[in-house]
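Chemist: Quick note on the working numbering: the sequence shown kicks off at 481 and runs consecutively.
Since the hints were made in silico from the structure, they are not lab data. Any given hint could be a false lead.
As the list claims (entries may be wrong) - Per label pair, the in silico range of CB-to-CB distance:
{"#": "1", "residue 1": "H568", "residue 2": "L539", "range": "14 to 24 angstroms"}
{"#": "2", "residue 1": "E533", "residue 2": "A611", "range": "37 to 47 angstroms"}
{"#": "3", "residue 1": "D606", "residue 2": "G493", "range": "19 to 29 angstroms"}
{"#": "4", "residue 1": "P525", "residue 2": "D606", "range": "13 to 23 angstroms"}
{"#": "5", "residue 1": "L539", "residue 2": "N576", "range": "39 to 49 angstroms"}
Unchecked claim - Straight-line Cα separation of at most 25 angstroms, DMTMM-like style, residue types lysine to aspartate or glutamate; simulated pairs:
{"#": "6", "residue 1": "K543", "residue 2": "D554"}
{"#": "7", "residue 1": "K542", "residue 2": "D577"}
{"#": "8", "residue 1": "K542", "residue 2": "D495"}
C-beta atoms are modelled at their ideal positions from N, C-alpha and C, and glycine is treated no differently.
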Amino acid sequence: MALELARLHRSHGGDMVFLCIGSDRSTGDSYGPFVGKMLKEQQFPHPVFGTIEEPVHALNMKKVLGEIRCRFTDPLIVSIDACLGDTHRIGSILFNDGPLIPGYAIRNPLPGVGDCHFKGVVNHLDPYFPADSLNNTRLDTVLRLAEITSGIILDSTRLSIPEIREESV
């Protein structure tokens, strides 16, 4: 995943912006904001929008996307959000090209965001009460996924920097 993200960044050639989506008011939905917090704590060299302290969620996403468009010209936007899935997929991290559709699992889909995205499978999808699945997620699962995801992203940044790649050869 780190290598694929580094390749996307190099082929894009412009700014790379991270949009960490979620809320601090729901355990399962805090995956994105925890990734954002962990990246910022590591003095991450790319802009990060969405942390536990300042989450990006359904109520402010349009405003944040407007800010990104004003500050950056054609950035590569990497979206990060929690998702629900099959029980055997809990703890998985998915990385895909194309936009992420926040709110899809809880039947409140928002417009797609990002050029590529990470999704952390934080819990199983209860088809009758999907919001309960997010609220009843173990914090340990969320934090573990956030640590792994932020590590992947940090590794991708190291792979994107020519001087570091040359030293490691």
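Chemist: All the hints need checking, so say for each whether the structure fits it.
Modeler: Right, here's what the structure says about each hint:
1. As the Cβ distance of H568 to L539 is approximately 33 angstroms, the hint placing it in 14 to 24 angstroms is violated.
2. For E533 and A611, the hinted distance range of 37 to 47 angstroms is not satisfied, since their beta carbons lie about 23 angstroms from each other.
3. Evaluation of the 19 to 29 angstroms hint for D606 and G493 yields a failure: the beta carbon distance comes to about 43 angstroms.
4. Take P525 and D606: their Cβ atoms lie about 39 angstroms apart, and the range 13 to 23 angstroms is violated.
5. Taking the beta carbon of each, L539 and N576 are about 25 angstroms apart, not inside 39 to 49 angstroms as hinted.
6. A hinted pair counts as satisfied when its Cα atoms are at most 25 angstroms apart, and K543 with D554 qualifies at roughly 17 angstroms.
7. A hinted pair counts as satisfied when its Cα atoms are at most 25 angstroms apart, and K542 with D577 qualifies at roughly 21 angstroms.
8. Only pairs whose Cα atoms come within 25 angstroms are accepted, and K542 paired with D495 is accepted, the gap being roughly 20 angstroms.
In summary, the structure is inconsistent with hints 1, 2, 3, 4, 5 from the numbered list given earlier, while agreeing with the others.
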